[in-house]
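Colleague: Just so you know, the sequences run in chain order P and X.
With the numbering used here as the guide, the letters of the first sequence map in order to residues -6 to 102.
With the numbering used here as the guide, the letters of the second sequence map in order to residues -7 to 107.
Rather than coming from a laboratory, the hints here were simulated on the basis of the structure.
Even glycine gets a Cβ: it sits at the ideal position worked out from N, Cα and C.
Hints may be right or wrong, so weigh each one.
[Unchecked claim] Here are some chain P residues pointing at chain X (derived, C-beta under 7 Å):
| id | residue |
| --- | --- |
| 1 | P1 |
| 2 | C5 |
| 3 | A10 |
| 4 | Y25 |
| 5 | P37 |
| 6 | Y39 |
| 7 | T84 |
| 8 | G88 |
| 9 | F92 |
| 10 | G93 |
| 11 | K94 |
| 12 | S99 |
[Unchecked claim] Each computed DSBU-like pair below joins lysine-lysine, with the alpha-carbon atoms no more than 30 Å apart:
| id | chain 1 | residue 1 | chain 2 | residue 2 |
| --- | --- | --- | --- | --- |
| 13 | X | K70 | X | K7 |
| 14 | P | K(-4) | X | K7 |
| 15 | X | K9 | P | K97 |
| 16 | P | K97 | X | K3 |
| 17 | X | K7 | P | K94 |
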Amino acid sequence: DAKTTQPPSMDCAEGRAANLPCNHSTISGNEYVYWYRQIHSQGPQYIIHGLKNNETNEMASLIITEDRKSSTLILPHATLRDTAVYYCIVTLLQGNLIFGKGTKLSVKP
Amino acid sequence: GAGVSQTPSNKVTEKGKYVELRCDPISGHTALYWYRQSLGQGPEFLIYFQGTGAADDSGLPNDRFFAVRPEGSVSTLKIQRTERGDSAVYLCASSLYGGAQETQYFGPGTRLLVL
Chain P
-6 DAKTTQPPSM DCAEGRAANL PCNHSTISGN EYVYWYRQIH SQGPQYIIHG LKNNETNEMA
54 SLIITEDRKS STLILPHATL RDTAVYYCIV TLLQGNLIFG KGTKLSVKP
Chain X
-7 GAGVSQTPSN KVTEKGKYVE LRCDPISGHT ALYWYRQSLG QGPEFLIYFQ GTGAADDSGL
53 PNDRFFAVRP EGSVSTLKIQ RTERGDSAVY LCASSLYGGA QETQYFGPGT RLLVL
């Protein structure tokens, strides 16, 4: 079973920030939090990952709580092309990913 | 550069037949993963290769499923005596060395339909 809990769906207005929450209350100290997204009919695409500290790249920001039991993915200015299923994943040491059902983000004009 | 490629993109077969699905990872990537995605679900891990050897095959559902990577690059997922329940998208991913700190790059998947 997935070690994460995400809302099944969210809406966001185009141009606004999309904040996607994830709970991972059983995360271990050496496990990373990864975010991938999957646009319809494509393979999953890496977005960002982190261990303890907040992270930012050209796609998104990742905010991890101090106790590491939850995190939030932030897309600062959502576009229609960001409509996808977003997966929050806690990785095992060897790296195989355990996906849940993810959050279906719909960005609306 | 070239990403992960998978062939065929679509495969339709009849119940009981044998199928092979191919994955070409990114050149130089030693780690290769197979996942299966059923409709409306997230991808489900099947098997992980480190080089030529299967480091973890705990996700293979039964002995009808088998995968090889004889030269440490291209991998083939083989399904014997296919069943309708095997219908899914089969995804392949690769990473440079494997491990929890590395990004996996996914291919577009092979859509398998068993009639």
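Colleague: Going by Cβ atoms only, is G93/P closer than 7 Å to chain X?
Modeller: holds (5 Å)
Colleague: Hey, does the P1/P contact hint survive, CB to chain X under 7 Å?
Modeller: violated (11 Å)
Colleague: Could you check if Y25/P really has its C-beta closer than 7 Å to a C-beta on chain X?
Modeller: Because about 5 Å separates Y25/P from the closest Cβ in chain X, which is inside the 7 Å limit, the hint holds.
Colleague: Do the numbers back the hint for F92/P, that is, is its least Cβ distance to chain X under 7 Å?
Modeller: holds (3 Å)
Colleague: Run the distance test for K7/X versus K94/P: straight-line Cα separation, threshold 30 Å.
Modeller: Measuring from Cα to Cα gives roughly 28 Å; hence the hint holds.
Colleague: Holds or violated: is there a CB of chain X closer than 7 Å to the CB of P37/P?
Modeller: OK, holds: P37/P within 7 Å of chain X, min 5 Å.
Colleague: For K70/X and K7/X, compute the direct alpha-carbon distance and say whether it is at most 30 Å.
Modeller: Distance ~15 Å between K70/X and K7/X Cα, so the pair holds.
Colleague: Quickly compare the C-alpha distance for K(-4)/P and K7/X to 30 Å and report which way the hint goes.
Modeller: Violated, because 34 Å separates the two Cα atoms, which is more than 30 Å.
Colleague: Would the hint on S99/P be counted as holding, given a Cβ-Cβ threshold of 7 Å to chain X?
Modeller: violated (16 Å)
Colleague: Does A10/P pass the interface hint, meaning its C-beta sits closer than 7 Å to a C-beta of chain X?
Modeller: violated (24 Å)
Colleague: Does the nearest C-beta of chain X fall within a distance shorter than 7 Å of the C-beta of C5/P?
Modeller: violated (21 Å)
Colleague: Are K9/X and K97/P close enough, with their CA atoms no more than 30 Å apart?
Modeller: violated (35 Å)
Checked against the numbered hints given earlier, this structure breaks hints 1, 2, 3, 12, 14 and 15; the rest are met.
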